[in-house]
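Chains as they are written, first to last, in numbering that gives the first Met the number 0: chain A, 0 to 270; chain B, 0 to 265; chain C, 0 to 255.
Since the hints were derived computationally from the structure, they do not count as laboratory data.
Mixed in with the good hints, there may be bad ones.
Pairs of lysine to any residue, SDA-like flavour, derived with a Cα cap of 25 Å [what the hints assert, rightly or not]: (1) C:Lys193 / B:Gly192; (2) B:Lys72 / B:Asp260; (3) C:Lys239 / B:Gly192; (4) B:Lys254 / C:Gly62; (5) B:Lys254 / C:Leu188; (6) C:Lys193 / B:Asp260.
Some but not every residue of chain C turned toward chain A, in silico, with C-beta under 10 Å [stated by the list, open to error]: (7) Ala73; (8) Arg82; (9) Thr102; (10) Glu166; (11) Leu235.
We treat Cβ as the ideally placed atom computed from N, Cα and C, and that holds for glycine.
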Amino acid sequence: MNAWRNLNGEGRMGAVILTALILMALLAPILAPGDPLAISGEPLLRPFADAAHPLGTDRLGRDVLAGLLHGTRTTLLVAFFSAAAALIVGSVVGTLAGFLGGIADAILMRITEAFQTVPGFLLALAAISVTGPSVPTLIFAISVGTWTQAARVTRAEVLSLRERDFVAAARTLGMHPLEIAFREILPNAFGPAASLAAISVAAAILIEAALSFLGFGDPNRVTWGSMIAEGRTVLRSAPYLSIVPGIALVVTVLAVHLLGRGLSRSERLQP
Amino acid sequence: MSKPYLHIAGLGVRYGAAVALEDISLEVGQGERLALIGESGSGKSTLAMAVAGLLPEGAKATGSVDFPTLGYKPRPGKDIGVLFQDPNGSLDPVMNVGDQIAEVAMIHQGIGWTAARVRAAELLGAVQIPRPLTRLNSYPHEFSGGQKQRIALAIALAGNPSLLIADEPTSALDTVVQRHIVNLLDRLVRDNGLTLIFVTHDIALASERTDKIGVLYRGRLVEFGPAADVLGAPRHPYTRALVDTHISLDTPRRKRLAEIDTAGLE
Amino acid sequence: MSPTPILEVKNISKRFGDRGGAGLRDISFVLAPGETLAVAGASGSGKTTLARLIMRLAEPDKGSIHLAGQDITALSGERLRRRRSRFQMVFQDPLAAFNPRATVRDVLEDPLRLHGLANPGDYGATIGAALERVGLGTDLIDRPPRQLSGGQRQRVAIARAIMTKPELIVLDEPISALDVSVRAQILNLLLDLKEQTGVAYIFISHDLAVVRAFAERLIVLDEGRIVESGDTETVLKAPKTETTRALIEAVPRLIF
């Protein structure tokens with residue numbers, strides 16, 4: 000409740016949209032029962048033409064609304080888990096590099112830079128073509144391309160924190176270096192990395208959509224990316240097939256950004 | 000009777016519901032040196048900032064702060080120079096100190112860049128930075144803590160102010176550096192006929208260097224008068240406790256030190 | 000001199016202090032159990048570097064430091080961490096010395112947990128007793144230190160330092176960040192604890208008036224060297240060096 004009160008208008012709007020999306024994802028099996036990949040009516044029905052298919056049907060007669068609802072599940076699942084994985088891996092690597100210093104720092108940061116020189120999307124593409132498409136490998140592939148930013152931000156924060164007196168105090172108490180790094184320093188260094196979370200989630204959503212668009216998504220699940228790809232072939236005659244999931248994508252990324260901005264602003268307002 | 004330099008009547012400052020200052024009235028003459036003493040949270044810095052016209056946004060002030068001899072509202076930087084506790088906070092780390100001093104001189108004295116740089120070198124010399132001409136192009140990080148505070152003092156003086164407000168200028172420095180800065184401050188104030196408001200928690204430092212002392216306690220001015228009167232015959236228990244418990248080099252050594260019973264005040 | 004000194008510093012040198020601090024040159028001194036030794040000097044004299052070396056927060060380039068007869072400069076890893084319960088430190092700015100996310104309970108639980116000083120079930124009672132010993136009520140146990148006054152914070156820091164029953168506490172300017180009115184209270188608390196436990200103190204300070212009130216012995220540092228040492232009263236009565244005279248001269252005097 001306190002968090003809500005501290006949020007500004009932007010943040011609240013993002014929170015409301017995201018909550019709605021999560022509800023959509025959770026309720027998808029109730030709102031659109033059955034397999035969204037199953038043929039449910041005539042092909043290429045236009046939106047708002049048939050009450051049974053409010054958003055119409057695609058080339059094969061699959062319901063667009065059902066696809067959209069079930070696609071929310073895949074999109075949010077992949078996005079949140081890959082952003083979380085990237086954040087956790089990145090902050091652990093950043094903390095170790097910043098805290099240990101010396102050779103360990105040099106090695107970890109060279110590895111990070113090596114990952115950074117290749118665009119995240121290419122890394123994800125490479126990873127997915129090795130492992131094959133499924134939700135867990137998608138999560139892995141996306142986080143491989145996005146963890147470096149969190150690592151760099153955390154390292155910078157750790158470098159300044161480790162000189163502070165409370166770290167010296169922990170050492171004089173005989174605390175183990177690993178406990179100092181992960182119990183004393185990391186929680187205090189996490190703030191800046193966490194404000195990256197919004198960007199990470201948004202990036203993950205877009206990478207996931209792009210991978211699905213290219214046909215590297217899980218073939219047994221509907222995703223917004225695969226829906227857009229599906230609609231591409233009939234883009235001139237039935238543009239709504241690409242536009243509807245496209246709008247869903249834009250709204251989701253926007254909501255994540257709004258919430259992220261709102262959260263980082265309310266964090267800064269804390270004394 | 001001649002007009003005082005600074006006349007404060009019924010000044011109150013509040014931040015939202017929190018009262019920082021209540022019903023402050025005092026007068027300071029031209030060229031006088033006033034010390035404001037109190038603990039953290041007593042309102043001594045708030046009072047100094049109210050005089051400087053530098054109260055933070057959200058502060059609500061009532062009552063009046065007048066400068067009768069000036070006859071106009073003084074501008075901070077020009078008529079009032081301010082020296083803060085932490086010079087790192089008031090110096091720009093990416094601008095050389097010569098430009099930082101010259102900038103103030105240019106803005107407030109309407110002189111050109113060359114003349115302002117010459118003035119900056121003069122001021123650096125006045126605050127006893129060795130080889131001032133060559134140090135004009137140095138950056139703040141190249142100076143020690145005490146030197147940075149001297150440079151901050153040079154900036155405070157660059158607009159040729161008639162009032163200098165020093166808000167705990169030596170609290171972050173060791174006693175030896177403090178002694179040098181205070182001596183310097185004292186000389187510059189006397190030489191230029193400045194009025195000084197010196198905010199400190201150190202009653203001994205105040206007694207050495209100022210003509211008048213004002214003691215603040217929980218937002219009220221509980222004592223105000225010539226330094227010798229206030230310290231010689233304190234009227235408020237807090238002032239008396241400060242004098243009685245002061246640790247000096249002549250305090251007879253005992254098993255325990257005299258304490259201020261903060262609960263017993265009020 | 001008593002047979003085993005609690006602390007013996009032998010010829011330590013350090014070229015540059017870490018954190019850009021001053022270096023030290025050939026420092027040697029001895030501290031008896033229960034004694035208070037003040038280390039005085041201006042900024043840049045190396046007194047903070049000395050404190051960090053004694054606390055094993057930094058390594059000396061040369062020389063050794065012995066705690067109760069054991070060379071702690073030769074210890075590392077787990078053996079050093081075990082040993083740390085016997086020498087503790089109180090920092091200048093108490094707020095900076097606590098994890099910003101910790102409560103008073105968290106702060107005081109660390110020494111208990113790290114050195115197995117109490118059963119987890121007894122932490123609350125042990126912490127409560129420690130708070131009472133430093134003159135604080137147990138009601139602030141769940142408050143974060145930033146909500147406490149400066150004096151209360153430093154009391155919590157002292158409670159943390161005495162938790163492991165150390166034989167030596169390094170006090171790095173423990174009162175200079177505090178309000179004048181609470182300084183004497185903190186010094187008295189430290190004097191009381193010394194009387195009760197026989198702990199020895201290294202008291203780092205630049206204020207000789209406070210040094211004189213608190214410490215029986217004094218060493219004066221200048222540019223990393225000991226320039227004067229001896230009984231506090233004797234050194235202050237007849238300073239032999241310019242450094243000491245400047246430090247004495249710098250103490251503000253109450254004039255009226």
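Verification of the supplied hints:
Among the hinted pairs, Lys193 of chain C with Gly192 of chain B is inconsistent with the structure: their alpha-carbon atoms are about 51 Å apart, more than 25 Å. Proposed proximity of Lys72 of chain B and Asp260 of chain B is contradicted: the alpha carbons are some 42 Å apart, above 25 Å. Restraint check: the Cα-Cα separation between Lys239 of chain C and Gly192 of chain B comes to about 39 Å, which exceeds 25 Å; the hinted pair is violated. The hinted pair formed by Lys254 of chain B and Gly62 of chain C fails the criterion: a straight-line CA distance of about 36 Å is larger than 25 Å.
Restraint check: the Cα-Cα separation between Lys254 of chain B and Leu188 of chain C comes to about 12 Å, which is no more than 25 Å; the hinted pair holds. Note on Lys193 of chain C and Asp260 of chain B: the hinted pairing holds, with a Cα-Cα distance of about 22 Å set against a maximum of 25 Å. At about 17 Å, the closest approach between the beta carbon of Ala73 of chain C and any beta carbon in chain A exceeds 10 Å, and the interface hint on this residue is violated. Evaluation of the Arg82 of chain C hint against chain A yields a held restraint, the C-beta minimum of about 8 Å falling below 10 Å.
About 13 Å separates the beta-carbon of Thr102 of chain C from the nearest beta-carbon of chain A, more than 10 Å, and the hint is not met. Given the 10 Å rule on beta carbons, the hint for Glu166 of chain C is violated: about 14 Å separates it from the nearest Cβ of chain A. Proximity of Leu235 of chain C to chain A is violated relative to the hint, the smallest CB-CB distance being about 30 Å (cut-off 10 Å).
Checked against the numbered hints given earlier, this structure breaks hints 1, 2, 3, 4, 7, 9, 10 and 11; the rest are met.
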